[in-house]
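Place chain B with the ligand on chain A using the hints.
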Amino acid sequence: MRCADVPLDLALRPVRALAFRLPGRPAAEMAELSQAEAGGGLDMLEACERTARADLRRQFFLHALDQLRRSRLFRQRAAALAQARSRTTAVLEDSGYIASHGIRGADPLYSELGELRFLAYVWLAERRSARRFAAYQRLMAGDPAAAGMFAEIGRDGLLHVTYSRAELDLARQRGEPVTSALWAVRRRCAWQAWMRFSRRVGDLFAGLWLAVVYLVVLGPFSLLARLLERDEPGLLAPEADDRSAAQRAWEQA
Amino acid sequence: MVAACSEERFSRVKQDAGLPIRATRWCLAHAGIAMEQVEAVVWYEKPLLKFERILVSQLLGFPWTLESFRRTAMTWLTDKLWVKNALCKELGIRPERLLFGDHHLSHAASAFYCSPFERAAVLTVDGVGEWASTSLWQGEVGQPLRRLAEVRFPHSLGLVYSAFTAWLGFRVNEGEYKVMGLAAFGQPRFADQVRKVLRPTGDGGFAVDTRYLRYHQSATESYSAAFVDLFGAPRFPGAPLDPTTPEGRRYADVAASVQAVLEEAILVLCGALHERTGLTDLCLAGGVALNVVANRRILADSPFRRLYVQPAAGDAGGALGAALWAWREVLGGAPTPAGLVPGMGRPWPDEDLERLLTELHLPFRDCGEELLDHAVEDLRAGRILGWFQGRCEWGPRALGHRSILADPTRPGVQETVNARIKFREAFRPFAPSVAAGAEDRYFDLLPGGQGPAEWMCVVADVKPDARALLPATTHVDGTARLHVVKPQANPRYHALLTRMGQQTGHPVLLNTSFNLKGDPIVATPLHALSTLQASGLDAVYLGRFRVDRRDLPGADS
Ligand SMILES: [Fe+2]
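Sequence lines, in order, name chains A and B. For what it's worth, numbering that gives the first Met the number 0 labels the leading residue of the first sequence as 0, then goes sequentially. For what it's worth, numbering that gives the first Met the number 0 labels the leading residue of the second sequence as 0, then goes sequentially.
For the record, the hints were derived by calculation from the structure and aren't laboratory data. Ideal placement from N, C-alpha and C gives every residue a C-beta, glycine not left out. Heads up, some of the hints might be wrong.
Said to hold, decoys possible - Some chain A residues near chain B, calculated using beta-carbon distances under 7 Å:
1. Phe60
2. Leu235
3. Ala239
4. Ala244
5. Ala252
To be verified - Some, not all, of what chain A presents toward chain B, calculated at C-beta under 10 Å:
6. Pro13
7. Val14
8. Leu17
9. Ala18
10. Phe19
11. Ala37
12. Leu41
13. Arg84
14. Leu115
15. Leu223
16. Ala248
17. Glu250
Next comes chain B alone, as it looks inside the complex:
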């Protein structure tokens, strides 16, 4: 694999749902190839089947789906149905070279073909693709991926979780992380009510009771009045949320309940998948695979012993899976390892950075060989740094290429980062990065979780004696969304962690994505500098150059 990047990093529209024109152009330019040389372009799903599903849902909801029909007809008839024409026109693709994967097949391929396994069970769980919302697969190198079973719309774990996300006042398709974080503050005392909405069917699958939901008939609402009768008034977006108040407690308890029921359903699916395959290695993809707490539960309580999670488990990863599927199964390409590393996006060589900073007339320091010493000195002094190194990350997590870093052992650092930079909910902890080999000193990572931990895709228990040492990165339930850094995955970041360890005794850093609340992760040095100006970061390291916030014009105080 040569290059991969989400459109949002170019367009600056978070989770941009438009065609990935700029990302595609950049990938081609980076690889130094023209579109005429491209043998196949693969779209990650079947647009006509998806349209069929939407239309059928609206027919079934007649006459209550008028508004939803108008909305979807406007977007589909003007836009989404013609994705083939639009792609061919915008990118100059020859129509005969444009192929279409299947949504869940793309997810499954993105997990299995990036995994280190020769044979594995594959589970894909998301909101919905064409018709499927969950699929069970078996993968074997040299064989096509085999679909064993599926759950179809409107029965969907992802959409039910999103309904609760909306009810809790968070943005659907994005606030799901917040529900997961909030869940740790609550008790699952509403689990029986949640089971009315989502129940197991006894065959390894599940069913939803659509009386409580609206997502199958509405473009804007995901839960019904019956849902509100069951769980009470929804939280207004932006209203304060404090899990220590009775109202906040109720929201936390509902979050805990839906998280618990989701985990149960996933474990049942895992049981069925294990039974059908007899395998002990599992690959996961689909938006629900971003639920790192559920992933830990799979390691703890399912029959699977080793886990691989596609880091871009959401639909962004569908592009990668679709391409890998076509390479292996349509074009008959060699089964070479995909070679996915955290940095697959645009690189910024030091020469370019130096020229840019010089042309902007910004005071900067060329740290040269002493880059790590300077950064560690900053961190030890309690400064919060932007770390912009190498290529932009693949997937939704910052993994030491576009990260905000701080010393997690300093008291109050979580509050400082929240108040000065991220402005996010106080109930969400930050993630710790740790140099590979040292994780066992601080964390009890379940066996089989090493792979996902390199991509921040699973939580681990923080050892009791390390909790006081790392308060900013330990969640209220004693877990952490661990990021284990190997030298081959990100040499400079690994070196920084190692140097931190030499000087402080702890090769650990607080690592959060380099962006302001609501923005996509920074992609270019200009985004990094504008974020430096807008936030309470103390300095940013662009390659080997350090820019201090006080040297930027008009920095907010």
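Bound conformation, chain A alone:
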């Protein structure tokens, strides 16, 4: 679940609409949505387990069930749209499907943000999802099953926007710093978008740099490695190691 609308996202909208016409794109995007919703549902279950408030626990639970259901609907849609032997069918088949998204890091989102910011996050993310789903509903107008699915999901989504908004309003009345929480979440989202972007750029440069290292440094060493190569099939005697168990345990080699 990603949150704020970044300006780039808006600017890219016409481009995305065009890109959506490429073969395989709708299926791939439905698969991406499915992964994102599954990850969001897991975040929500974590929040449900951790919140101290009984009323929010139920709210988070229902929200999680909705997100996981959305994830399944998107997945079904992706499977129906995907051409046989496409990358999407392979991704859908892969049971590491959620691994590429899911929850990362030691702390679940709820613990990382705390309750108020988590609610701010939910509100922003759901509002953004509602806009995205509406956009998809337009893009997929020619696919009645998808349009129906998005209409139904839109109704659920409205409930999520409403409850999270109501919670933020109540918090504001209690004097909690809602505005700063919203900005903190927006900043976090922008920071994460920046990190994703810079990571990509960084990976690109690191890749180029590593290619140079590979050709220039590893090249000569590869000759040496080949000279010293011992291909030893079959059962071998273990290498002698006269270190004590304690000494060995200390070392990483």
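Here is chain B with the ligand on its own, set in the frame of chain A:
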């Protein structure tokens, strides 16, 4: 042993390869100790040696390993090489208390130190650790584990089996079970071709012909064009697979062939190990020990008479082995039995479950003392149940703590569970659980296999007259991945099986892991409830409370 659990049960990322931060924190919290009180933390392998092996393979593959070098350099230089720093920082470990085992030593210790044997031969077989892919050991209580011999990378039974897994369109490190299941549908008519890829060396070991393989030079591909010339076009992931069609038949035959050649290689290793030790008890670990069909073959055809298999035979069990090794051999700890039972993970007391269900405003029934009666009534009515009881399991199998249960004697139950819940390949049968003492009525378990059968680590022949009674849990070759349940291992599940026996005459249940396809096994009641909503389960028993799917909001029809 106080607690043990895989990170995937917390992170919900199947076979999570990240650092086990949340699992570690939970274990400490459960034991009620702080990290400062921990005398030693043991990592299960030597990161520098592993890096060395990867780098050398890439040097040898120059200039065809550029892509693989870039990938591994990115992950190793940013992440994996600094495992010591990361662990110390994330978990607050004092660096001088962080120790490093050796990959195969960790596997060997996980098997021997959990086994009931005083002396035993130990065989560890996996993809690869640092350099070793197979090791032969001798264990004796009070003595350090003695490494007798090893086979080194790129010669690897696990990696060759994984290459076939990938060629068959399954996910490496996970779809190996499917290859094993598919093998029963085929004939090993490609065994000679497989022997070109993997051949015995005559000294008890084996060699692979790397011309057919790519795993030693690529991060993403495991077999080469020559492999495809030998076996034909690979199966596309997700494409239909029906062993009754000619194409499906070919895949099944290749699966049968690689399974047969794997078993041959393991038997040869067993012969060499027996010759060197003269012992008749064998402990097994490493990912290949999860091949329950090969384990039966060891009992049937090797010189070993009794078998112990570490249930978490894959790398998850490495953590346990590393800790047991350091306890016994580095810290000089007492040789007390490890005390491994199926449920070593997080428990959920009934009070917590009741409070949770109440706060969620979900209608539920408190079955109290009549829990077993209600569950048996459900099962007899053909309902499919989620069974969430006590502590989460150790290892990849559901053993009656986080299980999906059904009455295996009902016709069509396999199809129902597959269609409504697991969505898995129709060629894979489900496992039967049977109350200890009744297994002989239905199964011909080979002598020496009782221990592994308590952990679903070996297959047994289903007696011919029981096959018609238990179609859902009998594989096409007449075997079953049996789970024998003793009261001391899981009292409530044993009681359920016994009650089922009293009412139906058969103390047997279909037992499959409580998860949706692709998810890790459920760990918390919330995962269980979301699975109930998402699947065609009829009800879930959370402790003594029954929740009906019809009472959940938005349950899929
Ligand atoms: Fe391993």
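Quiz item: Against chain B, is leucine 223/A within 10 Å by beta-carbon distance?
Solution: 8 Å, holds
Quiz item: Hey, does the alanine 248/A contact hint survive, CB to chain B under 10 Å?
Solution: 4 Å, holds
Quiz item: Quick one, is the proline 13/A hint okay against chain B at 10 Å, beta carbons?
Solution: Since the shortest Cβ distance to chain B is 33 Å, the answer is violated.
Quiz item: Do the numbers back the hint for alanine 252/A, that is, is its least Cβ distance to chain B under 7 Å?
Solution: The hint holds - alanine 252/A has a Cβ within 7 Å of chain B, the shortest such distance being about 4 Å.
Quiz item: Was the hint right that arginine 84/A lines chain B, CB cutoff 10 Å?
Solution: 5 Å, holds
Self-check item: Status of the leucine 115/A interface restraint (C-beta, 10 Å, chain B)
Solution: Since the shortest Cβ distance to chain B is 20 Å, the answer is violated.
Quiz item: Quick one, is the alanine 244/A hint okay against chain B at 7 Å, beta carbons?
Solution: 5 Å, holds
Quiz item: Do the numbers back the hint for phenylalanine 60/A, that is, is its least Cβ distance to chain B under 7 Å?
Solution: 5 Å, holds
Quiz item: Going by Cβ atoms only, is leucine 235/A closer than 7 Å to chain B?
Solution: Because about 6 Å separates leucine 235/A from the closest Cβ in chain B, which is inside the 7 Å limit, the hint holds.
Exercise. Closer than 10 Å between Cβ atoms is the bar; does valine 14/A clear it against chain B? Give me holds or violated.
Key: 29 Å, violated
Quiz item: With a cut-off of 10 Å, does the beta carbon of alanine 18/A approach a beta carbon of chain B closely enough for the hint to hold?
Solution: The hint is violated - alanine 18/A has no Cβ within 10 Å of chain B, the shortest such distance being about 24 Å.
Quiz prompt | chain B contact restraint on leucine 17/A - CB to CB distance below 10 Å | solution = Interface hint status for leucine 17/A: violated (28 Å vs cutoff 10 Å).
Checked against the numbered hints listed earlier, the structure breaks hints 3, 6, 7, 8, 9, 10, 14; every other hint is satisfied.
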